[in-house]
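Colleague: With the hints as extra help, turn the sequences into a complete structure.
There are 2 protein chains.
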Amino acid sequence: MSSTEAPPAAVPRSVFPVAPDARYFEDYHVGDVYLFGPVDVTQEEVIEFARRYDPQSFHVDPAAARQSMFGGLIASGWHTAALMMRVLVDNFVSTVAGLGSPGVDQLRWLAPVRPGDRLRMRVAVTEARRSQSKRDRGIVRSRVEVLNQADVVVMSVEAVSLMRCRKPGPV
Amino acid sequence: MSSTEAPPAAVPRSVFPVAPDARYFEDYHVGDVYLFGPVDVTQEEVIEFARRYDPQSFHVDPAAARQSMFGGLIASGWHTAALMMRVLVDNFVSTVAGLGSPGVDQLRWLAPVRPGDRLRMRVAVTEARRSQSKRDRGIVRSRVEVLNQADVVVMSVEAVSLMRCRKPGPV
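Protein chains in written order, with our numbering: chain H, 17 to 187; chain R, 17 to 187.
The set of hints was computed from the structure by calculation and includes no laboratory data.
All figures in this text were calculated on a predicted structure; none of them were measured in a lab.
Hints may be right or wrong, so weigh each one.
One copy or two, it doesn't matter: identical chains are merged, so the pair holds either way.
Straight-line distance between alpha carbons at most 20 Å, and here's what the computed SDA-like set of lysine to any residue pairs gives [claimed, not checked]: (1) K150 <-> Q165; (2) K183 <-> M85; (3) K150 <-> R67; (4) K150 <-> S84.
Modeller: So, in structure tokens, the structure goes:
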């Protein structure tokens, strides 16, 4: 292409190219972008989750929520994180190579999530490197964004996963 | 006391000194340390949460979990975070001054949480400052650690809350 031509827009994939039970460290590449979902947010589930884990009035009581700064019921941020995790487990995580996660960074709740919202999860692999101490595994970092039906990013987080390699490398 | 005497160990408080509906920004002070709980982790709840939000085999299937690197069923890290949130809502959060949270940093899953564990949450206020742009509110940062019955820190996180002030200050 000529130098004045714009590069093609990266179209996120919606399906991981390797089956969950054949997915190893080597299948995650920096620059890969996925868009998974949708998942629908229901009022019933918002209230049920919050009653158990985050019973603040604007998460559990529609009338009180209308009077709050949010103007209506919103999902607990931890509920949104849990919905994200489910989508990642269903679409992105390996069932054979996962070695857990040491944690996440910069979890941000950027906009309210409301009953009736339809969420999608955009996952961009930002780092994929072999462990320097253990030759059987690698570290995959991803930036995950949760988008609503208006393409507003309602949540973002930097996630880290440890994963077995298909072929152990040199240390 | 003499100069050779050790300072008294800081004893965390287990009850917030101001009622939830009278609690404002001014009631959170840097250096305050609380220890809340306990909360018991049951196998039933571990599996129920994970079936819905994090159905990896070592969270939902006791037999598969025994064969995993974890040697038995462990709670989803998001479940541990949700249990922490419930304890914070019950013990630390204001019901009148809360303006939500922009997010958390450095969420770390440091050790497995297993059915039968009894968790407590240690909360240390690390920053409390008035907003520079909005005189009616302040920002409270806390380091939260989740401890098990052996006093092992199983999770930690840096939390941020926005809170109304009892008395608006100068901008």
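Colleague: Now, for every hint given, state plainly whether the structure supports it.
Modeller: Here is how each hint holds up against the structure:
no.: 1; hint: K150 <-> Q165; result: neither (42 Å within a copy, 31 Å between copies)
no.: 2; hint: K183 <-> M85; result: between (53 Å within a copy, 19 Å between copies)
no.: 3; hint: K150 <-> R67; result: neither (43 Å within a copy, 31 Å between copies)
no.: 4; hint: K150 <-> S84; result: between (51 Å within a copy, 18 Å between copies)
Violated hints, listed in ascending order, are 1 and 3; each of the other numbered hints is respected by the structure.
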